[in-house]
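Visitor: Residues per chain, in single letters:
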Amino acid sequence: MIEILHYEFMRNALFAAVLVGIVCGIVGAFVVMKKIVFISGGISHAAFGGIGLGYLLNINPVLTAIPFSLLSALAIGILSKKTKISEDSAIGILWSVGMALGILFISLSPGYAPDLFGYLFGSILTVPISDIIIMLVLDIIIIVTVLLLYKELHALSFDEEFSMIVGVPTQTLYLILLCLVALSIIVLIRVVGIILVIALLTIPATIAKQFTSNLKKLIALSMITAVVLTVIGLWLSYVFDLPSGAAIVLLLALVFIISTGIRKFLIPKV
Amino acid sequence: MKKDTIVKLENVYFAYTNVSVLEDINITIKQNDFLGIIGPNGGGKTTILRIILGLLEPDKGKVYVFDTSAKKARQHIGYLPQHITFDFDFPISVSEVVLMGRLGKRGIGRKYTKTDISVCMAALEKVGMQQYRNNEIGKLSQGQRQRVFIARALSTEPKLLLLDEPVSSVDTQWQQTFYELLHDLNKEMTIVLVTHDISVVSTYIDKIACLNKRLYYHGSKKEGMHKISEMYEYPVQLITHAPAHNSVGDNDK
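Listed in order, the protein sequences are those of chains A and B.
Just so it is clear: in the first sequence, position 64 is 64 by my numbering, and no numbers are missing.
Just so it is clear: in the second sequence, position 224 is 224 by my numbering, and no numbers are missing.
The following block holds chain A by itself, in its conformation from the complex (with noise of 0.2 Å):
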């Protein structure tokens, strides 16, 4: 086990990990809580049309990417709040459309697209080091934003109406919140890949929200749980030469199977 850290990708792949584990506690908690999971699917699709966009101009992908989901999440939440279009129906546009204009773009670059298949679904063993360096960035504004609105989000995510009439600029703070998920998937993208996304930022939360009610628990216990989960993927796919991204998510899927039993006949809440 330590010799495949000698590896230059091991050592990248291990610290993508972490600064994806990180991002799961905090921004999952919230995405849970506040029951946006189908937003943010929507918005890490709609992000797709980013990385085409990024192989179109031939720069990375990933940065491309990173206006698009902000855009799209910015969309969502406007379209849903401020004209008469459903939720629903603002997901459903925004998913689709991004995926079309990815694929446009694509189509429309020169040669064959290298690495496609890794945004997509996810390779966490060939994140290069100039990826770590955006995603140890997003992670930071990540971290403090929510340290900053921390008490808002939560009352937002408890009780919208109330928290508008006692003065928090909710609509901005609900906005501030989809861009919160918008720059996870990105730090996600590299290692579950744009569909797989959601995965990471719901199974963890929910598998913490099983053992606490108290939400700064909620949301270290759900960065350990997506931490160690991931390592463990990681290392299941070096080893038994799987897809990483597929690795992970089937083991999360596991987790929550045996965490769901043990909550239900042998642990109470702490």
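Quick caveat, the hints were computed from the structure, so don't treat them as lab data.
Virtual Cβ for every residue (Gly too), placed ideally from N, Cα, C.
Do not take every clue at face value.
[As the list claims (entries may be wrong)] Using C-beta positions, here's what the derived DEER-type ranges look like: (1) 41/B / 89/A: 28 to 36 Å; (2) 160/A / 113/B: 18 to 26 Å; (3) 257/A / 203/B: 54 to 62 Å.
[Claimed, not checked] Below, simulated BS3-like cross-link-like pairs (lysine-lysine); rule was C-alpha separation at most 27 Å, straight line: (4) 216/A / 114/B; (5) 82/A / 71/B; (6) 71/B / 84/A; (7) 213/B / 84/A; (8) 71/B / 34/A; (9) 81/A / 71/B.
[Claimed, not checked] Some chain B residues flagged as far from chain A (calculated, every beta-carbon gap over 12 Å): (10) 28; (11) 32; (12) 67; (13) 114; (14) 125; (15) 141; (16) 143; (17) 168; (18) 169; (19) 180; (20) 198; (21) 218.
Given chain A's structure and the hints, the job is docking chain B onto it.
Guide: Below, chain B alone, put in the same frame as chain A:
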């Protein structure tokens, strides 16, 4: 607007996409009023509260709250909605819920102060829920939750308290205590209470507004009681409660 006028609605009309809910509403609420808004289901009682809060914009007419727009006046209003839907396993404790009332007084990135905490504890004590402060809100009974939400409305230290069916799910024993509490609070703040419970009106409330799309009556309760029957379109039997301190049998012994 006169100095002691807290809320003034002038010719207010409101419709939810073609379904008219309020028509030509004129109402004035003065400082330290204890106003009961009475009326049948669908009569627009909750809608009026939401207009005062600026959560709904009237289609026509003017709304003044504390001499300014409804949205700006919100910070002086404590509100108890009729229904609060949330996930029962939402990770939040009773004291965290009540602290929400202090959010507007603390800026972003600031922690709650000792004052905030003591105001919230006092509010919990008023509704008799202080021993549950560390409990998870979803694990409480419906009546207990309602008391916590009343404490949350009080923790904003409001000048105007809007209560939408506040006793719909609490037990009768606590109802009495609750109305006594409102009676005390009324010395410091204006209270507007939406209710179906006409018996309450006779004992505790000094002004009533009878609402069924239009305002049938607005004024002191004495002249207003027969208007209630007219509005409901059947005779309403008025149950007169004795004042609370007399009604507890044990005290008479």
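Visitor: Hint by hint, note whether the structure agrees.
Guide: How the hints compare with the structure:
Distance hint check for residue 41/B and residue 89/A: the Cβ-Cβ separation is about 32 Å, which falls inside the suggested range of 28 to 36 Å. A hinted range of 18 to 26 Å for the beta carbons of residue 160/A and residue 113/B is consistent with their spacing of about 24 Å. The beta-carbon spacing between residue 257/A and residue 203/B, approximately 57 Å, falls within the hinted interval of 54 to 62 Å. The suggested pairing of residue 216/A with residue 114/B holds, with an alpha-carbon distance near 20 Å, which does not exceed 27 Å.
For the given pair, residue 82/A sits about 18 Å from residue 71/B by alpha-carbon distance, which is consistent with the 27 Å threshold. Distance hint between residue 71/B and residue 84/A is fulfilled; the C-alpha atoms sit about 22 Å from each other, no more than 27 Å. Taking the CA atoms of residue 213/B and residue 84/A, the gap is about 26 Å. The hint holds against a cut of 27 Å. Taking the CA atoms of residue 71/B and residue 34/A, the gap is near 25 Å; set against the 27 Å cutoff, the hint holds.
With a C-alpha separation of about 18 Å, the suggested pair residue 81/A and residue 71/B falls inside the 27 Å cut-off, and the hint holds. The Cβ of residue 28/B lies farther than 12 Å from every Cβ of chain A, with a closest approach of about 22 Å, so its non-interface assignment holds. With a minimum CB-CB distance of about 22 Å to chain A, residue 32/B clears the 12 Å threshold, and the non-interface call stands. The beta carbon of residue 67/B is kept farther than 12 Å from every beta carbon of chain A, the shortest such distance being approximately 18 Å.
At the 12 Å boundary, the C-beta of residue 114/B stays outside the reach of chain A, the nearest C-beta of that chain being 16 Å off. For residue 125/B, the non-interface assignment is confirmed: its Cβ lies about 21 Å from the closest Cβ of chain A, beyond the 12 Å cut-off. No Cβ of chain A approaches the Cβ of residue 141/B within 12 Å, the least distance being about 17 Å, so the stated non-interface status holds. The claim that residue 143/B lies off the interface holds: its Cβ sits roughly 19 Å from the closest Cβ of chain A, which is beyond the 12 Å cut-off.
For residue 168/B, the requirement that its beta carbon stay farther than 12 Å from each beta carbon of chain A is met, with the minimum near 18 Å. Against chain A, the non-interface label of residue 169/B holds: every CB pair exceeds 12 Å, the least being about 17 Å. For residue 180/B, the requirement that its beta carbon stay farther than 12 Å from each beta carbon of chain A is met, with the minimum near 26 Å. Interface exclusion of residue 198/B from chain A stands, the closest Cβ pair being 28 Å apart, more than 12 Å.
With a cut of 12 Å on Cβ distances, residue 218/B stays outside the contact zone with chain A, its closest approach being about 25 Å.
The structure fails none of the hints (numbered hints given earlier).
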